[in-house]
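Use the sequences and the hints to build the structure in full.
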Amino acid sequence: ETGVTQSPTHLIKTRGQQVTLRCSSQSGHNTVSWYQQALGQGPQFIFQYYREEENGRGNFPPRFSGLQFPNYSSELNVNALELDDSALYLCASSLRSGRNTGELFFGEGSRLTVL
Amino acid sequence: GDSVTQMEGPVTLSEEAFLTINCTYTATGYPSLFWYVQYPGEGLQLLLKATKADDKGSNKGFEATYRKETTSFHLEKGSVQVSDSAVYFCALTSTGKLIFGQGTTLQVKP
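The listed protein sequences derive, respectively, from chains B and V. Residue numbers for the first sequence follow the numbering used here, beginning at 1 and rising by one. Residue numbers for the second sequence follow the numbering used here, beginning at 116 and rising by one.
Incorrect hints may have been included.
[Said to hold, decoys possible] No farther apart than 20 Å at their CA atoms in a straight line, the calculated lysine to aspartate or glutamate pairs in the EDC-like style are these:
# : chain 1 : residue 1 : chain 2 : residue 2
1 : V       : Lys183    : V       : Asp117
2 : V       : Lys183    : V       : Asp169
3 : V       : Lys175    : B       : Glu75
4 : V       : Lys167    : B       : Glu103
5 : V       : Lys171    : B       : Glu103
6 : B       : Lys13     : B       : Glu75
Calculated from the structure, these hints are not laboratory results.
This is how it looks when you write it as structure tokens:
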């Protein structure tokens, strides 16, 4: 069973640039969620994708967008980067079935630094 | 909205000491409750969970009981080890998205 993998693991961008982060779901999982974890804080929910459709969004501006592909892998795109976007971005996959018990499987994250 | 509050850290203990990390929550409905752990340099891992009132989650010697009357889900371990040093996150979900507390850093000294 393959776990959740994310790429790249680290990257540095400058203000105003755009970034794309990638995530491969755990085998058999059909739902992907993205979280932003600022240094010393708990992860904050960005959005969730199920069957290639956005299925819930947190309090993040539209310049945060995503995609889910037919193989359930996913991308997170952030446009017009700001300094406060510097954080660890976590991808989590799960299997949506019946009552969602919320058990997510996380990747190790992509650490984004915006200069 | 729903929220989770954890005791602030860092918590520093000697090996074999008793551990309690407090967690309280605010939620509408009947959320599921979780403890996740983040070891240095690793991703978040589910430690334990409870899906209804009075359920006790347990794993690797850690326990937490879902207390609806006090809206709490405190994490306990009878005897901590150096290898338990990590950041612990309490979380809840009732809508499919996880809401996390701010995390509590545990450092266990030999």
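Decide if the proposed pair is consistent with the structure: Lys13(B) and Glu75(B), CA atoms, cutoff 20 Å inclusive.
17 Å, holds
Check the hint pairing Lys171(V) with Glu103(B) against an upper bound of 20 Å on the C-alpha distance.
The hint holds at about 16 Å.
Given pair status - Asp117(V), Lys183(V), alpha carbons within 20 Å:
14 Å, holds
Is the straight-line distance between the alpha-carbon of Lys175(V) and that of Glu75(B) 20 Å or less?
34 Å, violated
Holds or violated: Lys167(V) with Glu103(B), Cα cutoff 20 Å?
Holds, because 14 Å separates the two Cα atoms, which is no more than 20 Å.
Checking one constraint from the list: CA of Lys183(V) to CA of Asp169(V), max 20 Å. Satisfied?
7 Å, holds
Hint compliance for this structure: hint 3 alone is broken.
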